[in-house]
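Novice: Residues per chain, in single letters:
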Amino acid sequence: MLLSVRDLTVRFRTHDGTVHAVNGVSLDVDEGETIGLVGESGCGKSVTNLAIMRLLPEPAGFIERGEVAFDGLDLTKLDEASMRDLRGRDIAMIFQDPMTSLNPVLTIEEQMVETIQAHRPVTKADARKRAIELLGMVGIAEAAARLRNFPHQFSGGMRQRVMIAMALALEPKLLIADEPTTALDVTIQAQVLELLQRLTHEQATAVILITHDLGVVAGMTSRINVMYAGFVVEAATTADLFATPRHPYTVGLLHSIPRLDAAADEPLIPIEGVPPDLRRQPVGCQFAPRCAWRIDRCWTEIPPLEPYLPLAPGEAVRTTGPAATHRIACWNRPTAEEAAAGSPLDPDFVPAPPPASQAAVRPASATASGSASR
Amino acid sequence: MAAQTTSFVIDLPERASRGLWRDALGRLTRNRPAMLGLAFIALFVFTAVFAPLIAPFDPAVGNIAASKQPPSWQHLMGTDLLGRDEFSRVVYGARVSLVVGVVAVFFGLVVGISLGALAGGMGGRVDTVLMRVTDVLLAVPGILLAIGIVAWLGQGQVQIMLAVGIAYAPMFARLLRGSLLGLKEADFATAARSEGATPTRILLRHLMPNALTPLIVAATLAMATAIIDVAGLGFLGLGPGDPRVAEWGEMLTDSARFLQSAPYLILFPGIAIVVSAIGFNLLGDGLRESIDPRLKR
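So the protein sequences, as listed, match chains A and B.
Heads up, the first sequence is in numbering that gives the first Met the number 0, so the first residue is 0 and it goes up one at a time.
Heads up, the second sequence is in numbering that gives the first Met the number 0, so the first residue is 0 and it goes up one at a time.
Keep in mind that the hints were calculated from the coordinates and are not lab data.
C-beta: ideal position from N, C-alpha, C; glycine also.
A portion of the hints provided could be inaccurate.
So, partial list: chain A residues that the calculated Cβ filter (under 7 Å) puts toward chain B [to be verified]:
#1 Arg86
#2 Phe94
#3 Asp96
Bound-form chain B, shown alone:
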C-alpha cells in the first residue's frame, strides 16, 4: 500500500524552467530596451578597452594651429581649443568613466554590503547606530557629498572613485538591510534555524544570496548615476585634475565657453555621457524586471 501511494508520481510536461538564473536570463534577452542598453554598454566598454586602437590621434597632444576645427574626415568630431582631436578624447574619456565608475560602484558595494549585512544580520543596537549613520549620509545629496570628499582629499582619479563610491554606500546598505530584515522572517530562515544552522551560516548562506538580487539591479543603475556624477565632478572642476587626461565632464567645461562658435565640442562628450548612462539605466530596469518575474508586464 505504502509503495503504491508513494510511487504515484504525476509527470507534468516538463516546463521550460531550467533554474532561477537561466529563466531570468531568458526574460532579459527578450527585453528589447534592456538589450539596447546592453548594446550601448558593449559599445562603451569596447571603446574604453580598445581606446588606443580606435583613437586616430594622441588625446593629450594637440596642434595649436588647428584649434577649434569643425568636424571633418580627418577629425570626425573636430578639434578642441588646443587643437586636440575631439574624437580621440571622447574615446579615451570612456576609459576614465568606465574605470572610475566601476571602481566607485564596486567600492560603494563593498562598504554598503558590509554595513548592511552587519546591521541586518546583528540587529539591535548595531543596527540602530549604523542606520542612523546612513540616515545622516543619505540626507546629504550624493553629488554634494562627493564634492565635499574631493574638496577634502584633493583632486585625482582615486579620490573621485572614493567620493562617488562612498556616496552610494548608504543606499546599498539600506537596501541590503531591508531585504535581510524581510528574509529573516521568511519560513526558510526559520526552517534553517530549526535544522540547527548557526546565525552566521544562516546570514551568509541563506539570507545573503537571496538579498543580493536587488543589489545587482541597484548597482547597475548606480553605474549610470556614477558616470553622470563623475562627469558632474569634472564639469565642476573637481575632475582628475590632470589636463592631459580626457574626462567627459571636464571636456564639457572646457568647451562651454565656445558653445556658440564650436557647439560640436559640447555635443559629442554630452552624447557619450548620455549614451553610456542610458545604457546602464536600460539594462538595470531590464534586470529588475527579469529577476523579479512579478514585475513582468
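Bound-form chain A, shown alone:
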C-alpha cells in the first residue's frame, strides 16, 4: 500500500471558532491506483489532501490527530526539510485553476527547471532538456520555443498541460489532482483528463482525483470515496458506486444529475437544505438534517464507515484494489429498491425530528437558511 490515511482530523482556528474541516477520514491508495475523492464544495476533500501534503495554511489549519503513512513514513511526524524533499518528488499536486497556479513573472522554463533542480542534481542544460521532453509529452507543440514563454501566453488548457508536465517531471509515486479540469471548458476537460490518465498509467503513478463532478471520476477512477462535511460517507469501487449507491447522500447525488439513459419524464430529485455549519462539533451524522431516511440515532451518534454487505466468515475488509469492500457510514441504510427510487418507500416512515438538544439544527424541510460552510 502506497498511502494509508488513518483517522485524519483537521481543524481550522478562526475568529468565529474552530472549523471542523476533516473529521477522522481514513483512506488507502495502492501503487498505481487512481481513486476519486468526491463531494460538494467545502466538504473537506481539498483540505484532506493539503493535510496529506502538510500544506495547510498556517497557523490557522492544523492536523489534530491521525496518521498519514506514505511509503513507510508517517508524514504527520516528518520534519519539514524531509517533507519538502518529498513534495514534488514523491507526491506532486495539480491545482484547480491553471490561470493562477503558475507564477506570472517567470517563464515556463524557469519554473520547470527550478522544480527539476530542486530535487535532482542535474545541470541547467539537462533540466532544460527534460523540460522540453515533458512539454512534448503533454502535447505542447514547439516545446523548445514555448519554454521561453510566460504563463499568460498560454491558454487555460495549455497551462494545465504545463502544470501536469511539472507535476510529473520527477515521476512521483502519487499525484494529487485537485479539481484539475474544473476551470477548463468541456472539450478541453476531456483532453486533459485523457492526458492525465495516459501519463499516470505509463509512469505507474497513483492518483487521487478530487472533484465534485461525478462524470469526471466515472471515467477516470477505479475507486471512489464520497465525502460529506468532513466525513467519508461511502467508499466503493467506481462500478459498485454507480451501480449500487447506498448512502443517502450518494443516492441523492446520483438522482440529482440528469442521465442520458433515464426515462424522459423521470424527475430529478434535488438534495434539500444546505451543508452543515462546520463550526459545530459533529455529534451525529452530518447529513441527517438533509436526509430522508434519518432516524433518531442519526442525530446523536456518528455512524462508522462499515461494509454494506455482511462479510463472509474469514473475509477481511478490503480498502484497496478492484475488489474493495463497499462501505457506507449510515445508521438507516436505504434498501436497493429505495436507492433506485431515490426516497424511502415505506409510506409510514417519517424522518426523525431533531432531539430537543439540537433544536437549533432544523431539518432541511423546515428551513433553507443556515450559514454556509467554508
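Given the structure of chain A, go ahead and fit chain B onto it with the hints provided.
Specialist: Relative to chain A, chain B alone:
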C-alpha cells in the same frame, strides 16, 4: 487515439502580447500624460547631468554690483541678491535635487524592502514588531521626521538624503508586506510549495518579483515628493548648509524677502520644483496604469 487528441492544437491568431513588460511598455508609450512626465524628467535629468555645459556662469560666484537684475539676454532669469546668475543656479540646483532625490528614494527602498520582506516573509512575531515600528514612523509626518533627523544629524547633503529616505522606508515596507501577504496565499505560491521549494526560495524568487511592481510605481511617485521635501527642507533653512551650493528650496527662502521687488527670483526655482515634481507624478501614475492593466480606462 491519444496522439490524436493531444496533437489537436487550436491556433489562435497570434495576439500582440510579447511578454508582461513589453505590453506594459506599449501601454505606457501610448499614455500621453506619462510621456509628458517623461519629457519633464528627461529635461530635468539632462539639465542636471550637463549643468556645467548649460550654465553660462559659475553658480557660486556673483558680481555684487549686478545685484537683483531683472531677466535679460545676458541673465535669462536675472541675478540674485549677490549678483549670481539665477539661470545657472537653477541649472545647478537640478543636480542637487536629482542626486539627493534619487539617493534618498533608493535608500528608502533598500530599508523599506528589507523590512517589508522580513515582515511579510517571516510573519508572526517579527512581522508584528516590525509593523508596529513602521506604524510609529508612519504616524509622524514625513517632512517632520526629516526635520527631526536633520536637526539631530546636522546639516549637509548626506544628512538630507538619510532624512528624506528614512521617511519613505515605512511606506515602502508597508506596501511590500501587504503585497507579500496577499501573494503568499496565491495559488502559485502553494504550487511552488507543493513542488518542494524552500520558504526562502519562494519568497525571493516567486513572491518578491510579483510584489515589486507596486513598489516601482510608489518609488517613482516618491521621487516627486522627495524633490519637494528636499526643497522644503532647504526652504526651512535645513538645506545642504553650504551657501555656494545652489539648492532650489534655499533659493526660494533667500529671495522670498524680495517677492515684491524681484518676483522672478522666486518664480524660476519654483517652476523648476513644480516641473520636476509633476514629471515624476505623471510618470508614476502612467506606470501604475500600464503595469496594472485592470486600471486601464
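Novice: Tell me the hint numbers this structure goes against, listed in increasing order.
Specialist: none
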